[in-house]
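Asker: Since chain U is already given, all that's left is putting chains B, G and H on it; use the hints.
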Amino acid sequence: MTEAQIKEVIFKLLKRIAPESDPQSLGPDENVRRALDIDSFDALNFFIHLHEELGVTIPESDYGQMNTLSEMVRYLVKHAG
Amino acid sequence: MSTSTHAMRKITYREAVREAIRDAIQKDERVFLMGEDVGRYGGCFAVSKGLLDELGPARILDTPLSESGFVGAGIGAALGGMRPIVEVMTCNFSLLAADQILNNAAVYLHMSGGLFNVPIVIRMATGGGRQVAAQHSRCLDGWYAHIPGIKVVSPATVEDARGMLWTALEDPDPVLIFENSGLYNMEGELAVDAGPVDIDSARIRRQGKHITLISYSASLIKSLDAAEILAREGIDAEVIDLRTLRPLDEKTFLESVGKTHRALIIDEGWRSGSISAEISARIMESGFFDLDAPVQRLCSVEVPMPYAKHLEDAALPQVDKIVDIVRSMVGANG
Amino acid sequence: MRTKGSKKAAAKEAGVTAVDREHALHLLRSMILIRRFEAKCAELYSAMKIRGFLHLYDGEEAVAVGVLQALTPEDAIVATYREHGHALIRGVSPGAIMAEMYGKQEGCSRGRGGSMHLFDDRTRFYGGNAIVGGGLPLAVGLALADKMQGKARVTCCFFGDGAVAEGEFHESMNLAALWKVPVLFVCENNLYAMGTALKYSHAVQDLTRRAASYDMACEAVDGMDVSAVETAARKAVAFVRGGEGPYFLECRTYRFRAHSMFDAELYRNKAEVEEWKKRCPIETFSSRCREGGLISDEDLATIEREVAHEVNEAVAFAEACTWEPLEDLTRFVYSERRRP
Amino acid sequence: MAEFRMPSLGSDMKEGTLLEWRVKVGDRVKHGDIIAVVDTDKAAIEIEVFEDGIVETLIVQPGQKVPVGTVMALIRQEGATGARAIPVTAPALEGAPIRAAQEVAPPMERIARAVQGAFEPSAPRDETQRLRASPYARKLAAQQGVDLSLLRGTGPGGAIRATDVERAASGVESTASVAAAVEEPVTRGPVPSAEKPTPLPTGTEQPRVAADPAAMRRAIAAAMERSNREIPHYYLQTRIDLSRTLRWLESENLKRSIKERILPVVPLIKAVALALTETPELNGYWIDDRHQPQETINIGFAIALRQGGLIAPAILQADTKSIDEMMECMRDLITRARAGRLRRSEMTDATITVTSLGDLGVETVYGVIYPPQVALVGFGKVTEQPWVENGMLGIRPVLTATLAADHRATDGRRGAQFLDALNTILQEPARL
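Residue numbers (the working numbering), protein chains in the order written: chain U, 1 to 81; chain B, 1 to 334; chain G, 1 to 340; chain H, 1 to 432.
No lab work stands behind these hints: they were computed from the structure. Among the hints, a few may not be true.
[To be verified] Below, simulated EDC-like cross-link-like pairs (lysine to aspartate or glutamate); rule was C-alpha separation at most 16 Å, straight line:
hint, chain 1, residue 1, chain 2, residue 2
1, H, Lys255, U, Glu53
2, H, Lys259, U, Glu53
3, H, Lys259, U, Glu60
4, G, Lys40, G, Glu274
5, H, Lys381, H, Asp411
6, H, Lys259, U, Glu20
7, G, Lys151, G, Glu74
8, G, Lys151, B, Glu29
Chain U on its own, in the form it takes in the complex (with noise of 0.2 Å):
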């Protein structure tokens, strides 16, 4: 899975948590949570969600490498090989 493609993926769950928000206009070093206004359920529904799409699960001791958009693209590559 390319880069490009995990980025898709990132935004059409961030858009389905946040509907009213634009994820591409996300900065990479942007925390998402704070941008976005996400909590913790949402935050826990985006991680169940990126296991369905890509098949990664992400131990709770990871979420903190997952603060903005390069760290999850970063992460996600590595992971989903």
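Answerer: Chains B, G and H only, in chain U's frame:
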């Protein structure tokens, strides 16, 4: 209510009252019947027919037309240790004895600070419907129920006609029994060994869930007839027989209204200041939040009773009127 | 009748028939007790200790005192709203009567009746009935019960001339005569039905003729003369107790005070009252007894002293009595326990 | 001609002062436009119009104080259909005294208005057309959380009867009561459920939530205003060492798939439920001047909505739910809350509210109690803090828990006992 499982028999309301009087006089030597024409005539409504011969003049006393005199004498006799059954021919004439009933019977216990109770039973015919016009058609059951110190009962069934008298005689205080003259010929099933019944509670004569019809005496019979008609239309009316108008058993009708959320009171008395007004007020006081429709009343039209049949019929509560009101209260646009 | 040789002679001399000294003292004392007790009531009424209606018996004492001599404890009394005297002489305690007028719970009717409704079961005192004529049917019934139960008791019913105009009077006279029940009807004819004189109330002013019309035994007596009343009452009671049927005794008397405390007495003149006061039952009886040597001035003083003490005791008792608690307001509307 | 009347914005509002007109004669207005600002006893409030049309007359002038129900302006409808047409005498009547301009709406229009009104949660009830509902219907509606103002009655004179309420509650709509949709979170009043004590009166006092953020804002405003006005709050706060709970949670989550993972707030809510079993006085209502503790523990959980506003649906019988059940329940609630599909009991049955603002970094929450509840528990962010235990200094994840409680119902001691119980439970997470 009879708990007897024994054989039943057909009996008229009149016979049931007569049987109750005979039974009471035979059981208790203090009991006697007095009133106008109760002896040789056999009772204005033939209730005591034959009792003079059977029980003798010491127990069946004809009185002159002196309502105040003989009702007062009954009160005195009760104070003096007897258990009189005083028959006032109809409640219309009881007004001539109103002084004795209200100013003596009802207050002696209280006025004497509990020293002198008056164990008298006063029976009287009540109600209209026999084309006897304004002076002979009053329904004063509820009117007397206004008075603290007396108890007012209105038997509507042969069972109550048979069973209320003894309980009333055992009561230490004055009890007025109102027998609706329209009921004397009514036939009903009665246990062969039917005995006393309580005189302080109402009865649900028919279970239902859509509306509560609250009534007593002859109007109860009309209410039950109306409920049958309504049942065919799918309206399930609960019918309550008050039986006792004072003290009023409000628990029974409040519980019923709590279940059905609607109440129609059928009262042969006039509407203003009536027992139906009292019941309605009590529902407001204690059952307001259970109501899904305003309490309605069907009472006698507020005219002195006219003689002509069609006018009299129109003045009294009737089955078709009950049915109409219930339909409007329960129906789709009610 | 108690008689003692020498006294009897003295009494006869004094024009007092069949009254010995002891009895004379008793009669006098009874009348004075009523008079002084009621004078106290009037005083207490003005002091607002007693309220409601207060009807005083001033002038009529000879009737209650005379009639009640003839009754036994088994007999029954039905009285009117002017009944303090009857209750006192019947033996209801002055303290309980005074407490009743105070409205206290130790009153003879627990403060439920007041002045007009004194009751006492112990002495078969069936009350102070305040509906004029209302007590008569009741008395007939009490007598009927006695007759039915075969008891040789008499019911004595007091009422005024006003009651004679009531339908209940006639119904009761008829019933009593018809059934021959043992009632002694005592009409206390004081000439006024409240403020309306007999002559303005009755087509026939000889009230015994009413009784006669029912074929009832009857007699009219000077109600200001206690001995005459007593004598007539004894005769009447004997008749009634003998199973002869009812009896009508008219006691012609006069009320010295107003009808009730709130009465301007516009309907009679002072001269008339003064004229009647000359016939005061206490004065006349006491004079006769003294003149006849039956009693002394000292006796009179002793009576006055004792009565004053008794009245004061009654007032002290009533003052010390208690109010019925409000929680008991609705008691005695219906019986609290069934009587057998 | 339609009349624009001084609305009743609460049962205790009897009159209002017009502050300003936002329109002038001849302006075209449409349903929902703010056309006036009215000063009430509480605050200046913007008032909307419920008619489309042209402002014909402005009757009340700014500064005037008028009773609720007073006609303030007349709105002339344009391009109306036959049914809505002005009577033929209209020209003569236009601009005539108000009385003459009264209009009786034809039935179809009334139905249409009712439907419209149903979607218009902020519609102030016209006090001159008092809601006609039977006492039993009101009782039922309150018990089941049905908003009577959204129903069309089938009783005499259009009175709402029990059957209308039951129909609405069961989701079977009567023709005009579409908006009483059970699936819609139309009711926000945390009213006791059936068999519970007397609920809040229905009507304008009962705030409602709907898609319209402004309306929701007003609903929240009304509830919070009432809370502030009526409830004497007291606040208690405590710091809780959450290390044991978090450690336990971590190990629990390791056993679970990602879909089954449990968020930290879940054990906190469970702990609140368990603590309430020890201090039941905090679980319940203050109604009719009476403290009415409830047996069932239904924890309202404040959920912020993306479009603004918040909603606090109840986790029913929270004390009886396992951690997993509770997580599932919360997931479901949040999903449906955001989709606007909460069930009535969830909207109305909360007996206490928990609000957790830790996601946003807030350390301490001082909550406003949701009437008629008597307590609100607030959780802040879990932060690492120096912590002394047994004389040893260490770094621990620490949570600040606060209790806002109604002083009419309980006293500080009871509140302190609650926080103490909460702390104790969180130190023994196995109990969760």
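Asker: If a hint holds in the structure, say so; if it does not, say that too.
Answerer: For each hint, the structure was consulted:
| no. | hint | result |
| --- | --- | --- |
| 1 | H:Lys255 x U:Glu53 | violated (22 Å) |
| 2 | H:Lys259 x U:Glu53 | holds (13 Å) |
| 3 | H:Lys259 x U:Glu60 | holds (12 Å) |
| 4 | G:Lys40 x G:Glu274 | violated (22 Å) |
| 5 | H:Lys381 x H:Asp411 | violated (27 Å) |
| 6 | H:Lys259 x U:Glu20 | violated (25 Å) |
| 7 | G:Lys151 x G:Glu74 | holds (10 Å) |
| 8 | G:Lys151 x B:Glu29 | holds (15 Å) |
Taken one by one, the earlier hints fail for this structure at numbers 1, 4, 5 and 6, listed in ascending order.
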